[in-house]
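Trainee: Protein chains in written order, with the numbering used here: chain A, 42 to 265; chain B, 4 to 387.
Note that these hints are calculated values from the structure, not bench results.
In this text, a Cβ means the ideal position worked out from N, Cα and C, and glycines have one as well.
Take the hints with a grain of salt, since some may be wrong.
As the list claims (entries may be wrong) - Here are the simulated distance ranges between beta carbons:
#, chain 1, residue 1, chain 2, residue 2, range
1, A, A154, B, A334, 24 to 30 Å
2, A, R176, B, Q195, 42 to 48 Å
3, A, I201, B, L260, 52 to 58 Å
4, B, R385, A, R148, 20 to 26 Å
5, A, R148, B, I197, 45 to 51 Å
6, B, L246, A, T188, 28 to 34 Å
7, B, A198, A, D197, 42 to 48 Å
8, A, Y196, B, E93, 51 to 57 Å
9, B, G31, A, A154, 45 to 51 Å
10, A, P71, B, K249, 42 to 48 Å
11, B, L246, A, V181, 56 to 62 Å
12, A, Y196, B, F372, 36 to 42 Å
13, A, S124, B, R385, 55 to 61 Å
14, A, T254, B, H71, 57 to 63 Å
As the list claims (entries may be wrong) - Here are some of the chain A residues that sit facing chain B, going by a computed Cβ distance under 7 Å:
#, residue
15, V107
16, T108
17, A116
Now for the letters of each chain:
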Amino acid sequence: MPESPLGGTRSGRPLSDRLDLRLIAEMVEPGSRVLDIGCGDGTLLDILVHEREVDGRGIEIDMGLVTAAVAQGLAVIHGDADSDLAFYPDQAFDYVILSRTLQATERPREVLAQMLRIGRRAIVSFPNFGHWLIRWKLLVTGRMPRTSVLDRPWYDTPNIHLCTIADFFALCEAEGYTVEQWLGVDEAGRKTPWRRNRRLANLFAEQGLFLLTRNPPARGSQGR
Amino acid sequence: MTQDTADRARGLVHQTMVFEDGITLDCGVHIRPLRVAYRTYGRLNEERSNAILICHALTGDQYVAETHPLTGKPGWWQLLVGPGRPVDTERFFVVCANVLGGCMGSTGPNTEMTDETGRGLGRPWGIDFPPVTIRDMVRAQLRLIDALGIGRLFSVIGGSMGGMQVLEWASLFPTRVFSAIPIATAAYHSAQNIAFHEIGRQAIHADPNFHGGRYWEHGVVPARGLAVARMTAHITYLSEEALTRKFGRRLRTGPMLTFSNDLFEVESYLQHQGSTFVRRFDANSYLTITRAMDYFDLAAEHGGSLAAAFRNSPVRFCVVSFSSDWLFPTAMSREIVRALNAAAANVSFVEIASDKGHDAFLLDEPDLFRTVSGFLHGAAERWR
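For reference, chain A alone in the conformation it holds in the complex (with noise of 0.2 Å):
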C-alpha cells in the first residue's frame, strides 16, 4: 500500500462514554455506508470509521460542531434532518442513523420516511418520555417534567416533538415499517432488563433504540 502521505497516524481520541452510541455502532455491520444525521461533533461517526471501518458520512446543524467534526477528517456537512435528505438519492447508505435527535425534528414522521428512502436501515434512538420518573413528575407538580436526559425549561427546549417507545412502535406499525430490533436504554446508555417487554420498557427506560427497515424491504441496489 501507497505511503500515505502525512505518515497515516490518528490523532488518538477517547472513546465516547455515551454507551448508547457504543450500542448504536454494534448494530452497524462493518465496512457498510452509514450517514448520521445530527451528528454533533462526530463521536458516533468517529468510533464506526476507526472501529467499523464504515464509509460514514455527517450531517449537524450547529456550525461549531461540524467545523470540529471536520477538522477531524470527518466528512460532515452543515444542514438539518428537516431540509438536506431530500437531496441524496434512493439507497445510497446501508444504515441511516438519527440518535436523540428526532424528537428536535419538525416533521418527523418525513425524516423517517426520507431515512428508509435513502438508506436500507434506519438506527433511531430517542428519549422515552413514557419514564415513570417523567410521569410521576407530571402527575405530582403538575408542571412539564425536566429530567437528566430532557434538561431544558419547555420554553427553552429544541425537542418539540417528545413521544413514547409505544408511541414510536405504533408509528412503526402505522407506516410499515418492520422494527428489527429495539432496545430499551437506561440514562447512561445501557441496555435495560426490559427489552423483552414494550410495556415495561415503556415504562422503565430512558431511551428507545430502533433498527428499522421497510416492509415490504426496499429493493436491493436501486438508485446507486
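Following the hints, complete the assembly by docking chain B onto the known chain A.
Mentor: Showing chain B alone in chain A's frame:
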C-alpha cells in the same frame, strides 16, 4: 510596453514549462506553444503521493507562498500555505501555476502572439488572444502536472475562481484528484457576478488609452480604466461590516467635512487598490479572465445537471463558504454540496462565520485553517 516585456526589463523571469505542441481551447483555436509559469514549494516524496495543486483567483498568480517578485508583498496565501501552515510545505509538495490567459508568464494576452506553426509574430496577442474557459485553464494545469511526473494529486485547493478550477479538476479528471477543497466559490457565475465584471470591462474599454486593446502600440496602458475595474471589484470582495469597521465615515483630509476636496478614508483606500493593481496586471488579461469566469457553468457542461458532473466521483470534497460573502454566497456552496450528495460523493461542508466578506478566504480565519488542516489529515489517513 506590455507586462511581459516590462517584467523582462526588470530582470524578472518567471519559472516556466513550455509545451511545444500547444493546446486546443474550448473555442476551437489551437495555441502553440503553451507556456505555463509556475512555482513549487516543498519536495515530492518517492511515492509521489504528497502533491497539492493550489489554484489562484482572478487577479492572483503563482507566487502563493513567497514574497512577490514584482510587488515585494508576502505571498497571497502565505497564511494557508508554507512550513507549519495548514497546507504544510514540509510535508506536501505544493504546485501553483499562473492561469492560461494570465499575465505572470503563462500564455496570455501579454505574451508573444504565435501562428499555427508556433512561430512568433513579434507582437503580443493583446486583444486578439482567443477566449479561454476555466476548463482550458485546468487542461493547461494538467500538462504541467503530467510534466512534473505527478499521477494523482493528493489535493486541489482554491478560492473564488480558484474554486471553480477545483470543481472543474474534480469533474474532468476524477482519477487524478484524491481530494478537493473548493472555497468561497460556485458551480456557475451568477447574473450579479457577470454584471459586476461587465462594469469593470466597460471601464477598461472606456479608457482613451485602451486603443481598442492595442495599447502597446501607443506605449501606454489603460491604467484609469483598469483601476476603476479593480475598485468596483474590490467593493464586491468586502462586506458592509468590513468596510464600516475599517473606514467608517472617517476622512483622510481632516477631522471635519469642508465641502471642498474632502477625501473619505474608503475613497483613498480604493484609489490605492486601483493604482497598485495596474502596476502588476494587464488589462487584456483582466478582460480574458473575467470572461472565463462568466462562461463558467459546470452543470451546463453536463446536460444541465450538476450532480452529473460528479457522478460516481471517488474524490473527497471539502466545500467551504463564508457567512458574509455576498459575491459567492453560502447558498451557492450549498448547491454544490447538494449536487455532491445527489451524486453520493464524499463531502464535508463548512460555512465559516466571518464578517470579512468574500476576501475572508485570503485572510486570517482560524476556522478555515482548522478545517483545511483537519480535512487534509483525515484524507491522508485514507489515501490509497
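Trainee: Now tell me, hint by hint, if it's right for this structure.
Mentor: Verification of the hints:
1. Between A154(A) and A334(B) the CB atoms are about 26 Å apart, so this pair conforms to the stated range of 24 to 30 Å.
2. About 56 Å separates the C-beta atoms of R176(A) and Q195(B), a value inconsistent with the hinted range of 42 to 48 Å.
3. Here the CB-CB span from I201(A) to L260(B) is close to 54 Å, well matched to the stated 52 to 58 Å.
4. Restraint check, R385(B) to R148(A): a C-beta distance of roughly 35 Å breaks the suggested window 20 to 26 Å.
5. The hinted range of 45 to 51 Å is not satisfied by R148(A) and I197(B), whose Cβ atoms lie roughly 38 Å apart.
6. Taking 28 to 34 Å as the suggested C-beta distance range, the pair L246(B) and T188(A) does not conform, at roughly 49 Å.
7. A hinted range of 42 to 48 Å for the beta carbons of A198(B) and D197(A) is consistent with their spacing of about 44 Å.
8. At about 53 Å, the beta-carbon gap between Y196(A) and E93(B) stays in the expected band of 51 to 57 Å.
9. Distance hint check for G31(B) and A154(A): the Cβ-Cβ separation is about 50 Å, which falls inside the suggested range of 45 to 51 Å.
10. For P71(A) and K249(B), the hinted distance range of 42 to 48 Å is not satisfied, since their beta carbons lie about 53 Å from each other.
11. Distance hint for L246(B) and V181(A): a CB-CB separation of about 59 Å, consistent with the stated range 56 to 62 Å.
12. For Y196(A) and F372(B), the Cβ-Cβ distance of about 38 Å falls inside the hinted range of 36 to 42 Å, so the restraint holds.
13. One distance hint, 55 to 61 Å for the beta-carbon pair S124(A) and R385(B), is violated here, with the actual separation near 29 Å.
14. Look at T254(A) against H71(B): about 60 Å separates their beta carbons, and that is inside 57 to 63 Å.
15. For V107(A), the interface hint holds, since its Cβ comes within 7 Å of a Cβ in chain B; the closest pair sits about 6 Å apart.
16. A distance limit of 7 Å between C-beta atoms decides the matter here; for T108(A) the minimum to chain B is near 5 Å, and the interface restraint holds.
17. Restraint check, A116(A) versus chain B: the minimum CB separation of about 5 Å is within 7 Å; hint holds.
When held up to the earlier numbered hints, the structure conflicts with 2, 4, 5, 6, 10, 13 and fits the remainder.
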